Amino acid sequence: MPPTVIPWFIAIVLPGWSRPQETLTRMAMWCMRFTPRVHLEHVGCTGVVPSTPSASTALLSSSPPSMPTSMPPLILLDVSGCLRVNGGARRVVGRIARGLTRRGIVHALGSAPSSGQAVVQAMGVGLGYGNSYAPHPSRPHHPSLDIAELEQLPFQCLRISDAICAALREVNLTRIGEARVIARSALTDRYGPELGERLDMAFGLRPWPFRAVAPPVPVVGEFVFASPCAQQEAVELACIQAVEMLCAAIESSGDVVRNEDGSVRISRIGCTNGRGVRTLAVRVERARLATVIGTIHFGEATRDPRHLWSILRPRIQRMHLGEHELGEGIERILLTATRVGRCRGGTPFLGGAVGMAATNTSGSSVSVMAGEGVHRISIHSGNDHHAATQRAIGELVDQLHARLGQGGVRRADA
Amino acid sequence: MGYSLPSEGTEQRRAVRAALAERIGTLEGRAQAMTERPMHIATGWTAIDAALGGGIARAGLHEWWGALPEVRAVLVQLAWNALLHDDRHRVGAHRHVVWVGRAAWPSADALVRGMRAPIAGMFGQRIPRTWPDARLHDRSLMVDVPAHDTGARLWAIEQAVRCPGICAVIADGRGFDLAATRRLQLAASDTCLLCMRGTEHRTDARRSVLTAGATRWLVERTERPTHVITDRVPWLRTMQERGVVGAELISRIPPEPTWRVTIERSKGTSMHISSECSAHVAQSWQWQGTAEAPAPEAAAARRRAKRGERLIADHAARSALELRALKDIDNAEPTAGAITRSRSHDRVTSRGTRWARGNDGRGVA
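From first to last, the protein sequence lines stand for chains A and B. Letter by letter, the first sequence follows residues -4 to 409 of this note's numbering. Letter by letter, the second sequence follows residues 14 to 378 of this note's numbering.
Taking CB as the label site, the calculated pair distances span:
| no. | chain 1 | residue 1 | chain 2 | residue 2 | range |
| --- | --- | --- | --- | --- | --- |
| 1 | A | Glu246 | B | Ser221 | 53 to 63 angstroms |
| 2 | B | Ala312 | A | Gln236 | 43 to 53 angstroms |
| 3 | A | Ser247 | B | Ala32 | 22 to 32 angstroms |
Chain A is nowhere near these chain B residues, computed Cβ spacing over 12 angstroms in every case:
| no. | residue |
| --- | --- |
| 4 | Ala116 |
| 5 | Gly127 |
| 6 | Arg142 |
| 7 | Arg229 |
| 8 | Glu233 |
| 9 | Glu236 |
| 10 | Ile266 |
| 11 | Thr275 |
| 12 | Ser291 |
| 13 | Ala306 |
| 14 | Ala312 |
| 15 | Leu324 |
| 16 | Leu339 |
Hints were generated in silico from the structure; no laboratory data involved. These figures come from a predicted structure and were not determined experimentally. Positions of the beta carbon are idealized from the N, C-alpha and C atoms, including for glycine.
Work the whole structure out from these sequences, hints included.
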């Protein structure tokens, strides 16, 4: 029996959006933590193309249906198959709402088993209809609307052009439910196919146009053998090269740290915003043998090839490389930084006169009573103590995790 | 064959020489800083500190014999001393303490110092306000190694000892042989390694165990007289002196746990102690808090101070305005029909706002 995937969609409508397009794209990237399929629809973006009106429509011949300029941007998440891993739709909606609120973004959410229904719900909430975030005994904190509530929503919730809305208003049609009872052919003849399509989408009979946003380019280090290799030393050398390529790729991907609106965050004087690997996905493809896949989580972001190799080495050494005579061996080593974090910064180590000056001005010189008398302690390399300690402890924790398992190191319970 | 001008070569050489001199100076500075750093951590036990020339060695392997709960209780105090010593001499480094092996893990409340400090100053004793100190709690790493896997335990201890971000390691060292202790002694070049060796199987068996540790210690539980608790609780002492509390009642107070710590062997120091040198240890760290308030308290105090300054400034500005207004009223000619009021009729609210009262005595907004 094939596994059942429950279709579920979450729509995010951003009323009053005034930030640049790059920020919207970054938000779509942020949403990829819940699902890989994210659709973006914006006035300035051609994420969705409404269906072409029929040529016989006199009303729309002069003004083709287009997104009105007042239409808020839409982010549609296809979370089908991702609900269980994220703890359910309600939990995902809650996390999205918290994340957007924390970033000061005004938003409206819709969550439904069909994409069009989710969009219409979100639009309705954004326009102030049926704000279901109010506590309700049957649906606590769940922004879904039922069919009766959907029928009471205005036509703007269908994200159709202003011209069609105005034309509907001329014949005293203001609610979705009022158009739903009219024969579909009559609606198509007068207003074009777009209205009927959107009505079908709103009630789950047709999917909302969906064009998934391309995920960001992964940071990888790769080594491909010309032929299967089963020699331990060669595999280790190849792995070292892949690690160095990965570190170089991280370094070249840019050390800038960006704010939520896409602007570059200015670092402190003398500090670097270096980026490093937090989670590393390892994929080793073997000829005539199963592919080895693993994930390594690091205690601190690092891009030190020596440390990465020290963690990776025992795993590579434990791996069965195969028999060369049987045609077995390693074909490809792929390291992907699935999660990249900021390395612990701080003032870099300063030597010489500059370091002395920095040390003296930062007040690191302390008088200490020890032994026979008072000693003046001058810590020359004391400019970056905390960051260096954090890095060292991160490496220690990684080493202990690699041998003792994830439960091998823990902090004291509060 | 090309050649360079002599001046260019000289400048290059000079630059290289300057860079090298700077680098050597940096290295020498670091080395000097390392040598200037005191080599001993004061234990707080006077007899032992005097015998060891300032305290336990900052780097090296120290072996502790005795029942594990007793040794653990003493080593918590030494871990505190090591952490405070490191904070004093490596400002801002925030180095950590590692506890290797479940037998070495302390309870969480033992990692917070000064929990009794607030009541130390009660009833008239002039003691400055202190706060509980949770630095050891925040900077402790607990390492869990598989039971009976001595090799994994030894490896974990060595990794922790070699880590530059660790100032002290407290480890379960039961069953280590001479080679293992030698390995740890070599690794602990900049870290204080306190190794719990457990209880000896027969009397004085510890003396025949071959080891490369720098010192060997013995911890035993002792019972001190009950009335000692009155030293730490001034109100109880006062009531005892006044005769309000009798000796019978005081005898029912459970005594504070105390231990006798004996250093039996010390090599590598200038004194080469071979005779016994013992000291009593009490849980005095429970009374020693930190003078630094926790961050929320400090922030609240800052907010209070700012608010006070703002209120004072507002009050001064308002008073100046009112004085100016009064002067204007005095200078102006009296108008017919105006309500004459004096400032004594005004009501000052708790927020300092002055609400004018009408003639009927009710406030006028």
